[in-house]
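If you want the building blocks of each chain, they are given just below.
There are 2 protein chains.
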Amino acid sequence: MVILSDWLAAQIDKTDAEPVYRQLLSLMQQAILSGRLAPGAKLPSSRTLAGDLGIARNTVLHVYDQLSAEGYVLSTTGSGTYVADTRPDTAAVGPRAPRATEDADAPAAPAAPAAPSSCPRGDMSVRGQRLIDEAGVSARQWGAFMPGVPDVAEFPARTWSRLQSRLWKSASHDLLTYAPGGGYRPLRRALSDYLRVARSVRCSPDQIIITTGIHQSIDLTVRLLADHGDRAWVEEPCYWGARSVLQASGIKLAPIPVDAEGLNPRDPDLRHPPRMALVTPSHQYPLGMVMSLARRRTLLEYARQHKVWIIEDDYDSEFRYGSRPLASLQGLDESDRVIYVGSLGKLLFPGLRIGYMVVPERLAATFRTAVAELYREGQLMQQAVLAEFIMDGYLTSHVRRMRTLYGERRQLLIDAVTRHFGDALPVMGDEAGLHFVLGLPESSDDREIAAAAYDAGVIVRPLASYYLGKQQRKGLLTGYACVPHENIDPAFATLARVIERHAFGKRAA
Amino acid sequence: MVILSDWLAAQIDKTDAEPVYRQLLSLMQQAILSGRLAPGAKLPSSRTLAGDLGIARNTVLHVYDQLSAEGYVLSTTGSGTYVADTRPDTAAVGPRAPRATEDADAPAAPAAPAAPSSCPRGDMSVRGQRLIDEAGVSARQWGAFMPGVPDVAEFPARTWSRLQSRLWKSASHDLLTYAPGGGYRPLRRALSDYLRVARSVRCSPDQIIITTGIHQSIDLTVRLLADHGDRAWVEEPCYWGARSVLQASGIKLAPIPVDAEGLNPRDPDLRHPPRMALVTPSHQYPLGMVMSLARRRTLLEYARQHKVWIIEDDYDSEFRYGSRPLASLQGLDESDRVIYVGSLGKLLFPGLRIGYMVVPERLAATFRTAVAELYREGQLMQQAVLAEFIMDGYLTSHVRRMRTLYGERRQLLIDAVTRHFGDALPVMGDEAGLHFVLGLPESSDDREIAAAAYDAGVIVRPLASYYLGKQQRKGLLTGYACVPHENIDPAFATLARVIERHAFGKRAA
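Chains S and X supply the protein sequences, listed in that same order. Take the first sequence: its position 194, counted from the start at 1, is 194 in the UniProt record's numbering, and no numbers get skipped. Take the second sequence: its position 350, counted from the start at 1, is 350 in the UniProt record's numbering, and no numbers get skipped.
Just chain S, with the same shape it has in the complex (with noise of 0.2 Å):
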């Protein structure tokens, strides 16, 4: 006990910024766990201990009720505090593990270590390594031109902060526990009042279920409506982050090349009906054609015919610069296969994370219970003050200005690769959304003219990322809608001199 006393001794420092408590409390613990101190020692009564120490009895008489209370000493009355045995139980973890040599006298292991499924592997699962090296998350989320994302700048914020006080003020419990299935109701019944009018869509507040945005929407649609190993048809090509969610459910993915109509699947395709077919029928992302008419009452009498599933992803309609937004696909359908996803993040700002999907009637029962089993949902807080946002006419008013804010970035854009290129680089896609695509030779290498243009302080993403299969255009998605006015000529500037220098050959001035 004596060589007790001096090892801690030896180890406390009074003057470290750690209180003597929790240094005490973890040499006891490491002696223990190392065996320094064995199983069935009898510690030193805190008397003696705190006197060695030097240190107050009560804070020994602590630490001695900690270890009790995480089973390192056993306390009885009376007799004194002794080292409980806390080793591993070697016969339960030693002789059948293969490295196991702890344990030598054990016997020879009687079955087999390991089933098929469980063999030691690395550490990581074969569908998690894929969705690494697959994985299209860009390191930077904002400045020029980076796709897809909104000027939240531009966003009302005193509004919002405003209404969100008020809800504070008199925050009742309902709206800080967790959700009930689907979301806030009045939310529900405004986002189906808009996306009626806004979007054509056909829907009761009941078919309405509030999400964290399009990911968890495809996520849900999935694990409700396909197994492990069905097949989707996504667009090729298409959006990598809804690549990788169908993936890591294990879906596998029949790219179906798209054309200036949209979706086009060949002979062999239709063949095969798959289990859902992934579209951006108002807006192909990322290439931004409109699918036709015909194209779309096709794919939904195919979809009626097989029981094929349709997610429309309809992520950026509302800014549509011609033309007033086009009709939804799922206003057409009278079979009740289309699963609507959209969400607030374009038009208000992405880190809000409220999106909302609009279900067949026959499902939303379904739908709500599935979504607060698998995700546990809250943020009814959030959702009130989305609510009161949207009633009170802020959306429609947000968007209304963003439209012609963006529409004039959109041509200050365009100008510039026409000042810069004349027509040698085609402008596609550009009739609506936040980004269009800029064409480039067919003999460039578009990921690494991004990967130049990152390193020059530009954000665009190169449309090599969005092909699964062989790529067919080459091109760069370029995005408008975060860069002030005034920063779109010297950014362009910028990217510019990249392009001449790699799809060009020239060098810089």
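If you are wondering where the hints come from, they were derived from the structure by calculation, not from laboratory data. Glycine included, every Cβ here is placed at the ideal spot set by N, Cα and C. Be careful, since some hints might not be right.
[Said to hold, decoys possible] What the simulated footprint calls covered on chain X by chain S, stretch by stretch (three residues with Cβ under 8 Å from a Cβ of chain S suffice, anywhere in the stretch; the number is not a length):
id	segment
1	83 to 93
2	138 to 146
3	245 to 255
4	391 to 402
5	450 to 458
6	484 to 491
Assemble chain X onto chain S, guided by the hints.
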């Protein structure tokens, strides 16, 4: 054309709340989709139609523009507007469809219609149907004696709202857009400090990943570290939500019994190492025992040898009424096999939806990428509010205050149990947390009693819902945290009547 005008005139109701523009657009679309207006038909000029219907010519012009934008009609300058051919491509959808009858003159199908994995099935997937069938989520989330829910009425909403308003005043773009992987840096620093001191977790801010809660933390872990078909040990009984999340990702569950010392794997379990094990060592959910130090060391050693991932769910250990909170399992782990998950929901308010995980250092970058890729996180504004709340000391003082308050409520409820039932009904797992288990006689049906209590206005959850295999004990999860002191006696009187009637066959007086 006269027929069209007449039909339209008969349908349009100028006194309707819906604007004439929308009525006319919708009617024209219907007429085209139904074939009433055949492909190639010429529309009347806008002047003629406006005259026939007695409406403004501009209205008709806008409708024609929108029809043209959506592809219903084709406009040729000078020669008029014609109905486009938007009929579904029956060659694509018809001949191969088993139920296709409208295209009788098509040749016989040249190929089998569907691969086995995409045979017409029901609406739901197998996993979706199971998720719904086994859903544990409650329709009500508030009231005596809802387990697992803190008293949100005691949450310092004013302080929170004040911090929030201050932050929104200077909302910068990087707090409003997508989050970089892992979450808001100052929050991760504050949490790592908190977890080191309060939970003996060993971690740096880099190892902290902010999520929306324990469900998302488990989901992310499973997708990165386990594949479809892998096995996971779960405690028997265990939390329904964790079970649902694991199963929804294709994990097979192996229920492992618990005894007074926590998880107690038997020989056959040990012979087949799982890919992961989900445990609640500080306070077994739902029964409440603490995993002994020997079992902890055995589990860690087993995990090291067989490369088993351990998910430590440390959901409510801050509320421990007798001793200080116990150290985490993660703090004992020398081989980086533990993923530690926790949530702020039970400390503050469940609707907050901010949780955290602590991952081994070598996997931190992987988890940061994956959380951004799979979920596109945001909510940095809320994370910033929470960081301030913690750094200003409000979390610690709130937890301290709640521990006293919940301790009192726990005692009131135990007193009520004793007053009504003496020692006929044991109280289990009451040393910590927000609930205890009220044991019921072996002969009783806890599901039936919970249902009858629900009808009488009292929420309790039957132990039955937490067993995957054969139910070993009967009992009710009874939460006291969210019940004001004065409501405990009357609510328990109601519950006691239900128990007396159902478990002891007594009639109401």
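We went through each hint and held it up to the structure:
no. : hint       : in the structure
1   : 83 to 93   : holds (count 9)
2   : 138 to 146 : holds (count 3)
3   : 245 to 255 : holds (count 4)
4   : 391 to 402 : violated (count 0)
5   : 450 to 458 : violated (count 0)
6   : 484 to 491 : violated (count 0)
In summary, the numbered hints that this structure violates are 4, 5 and 6.
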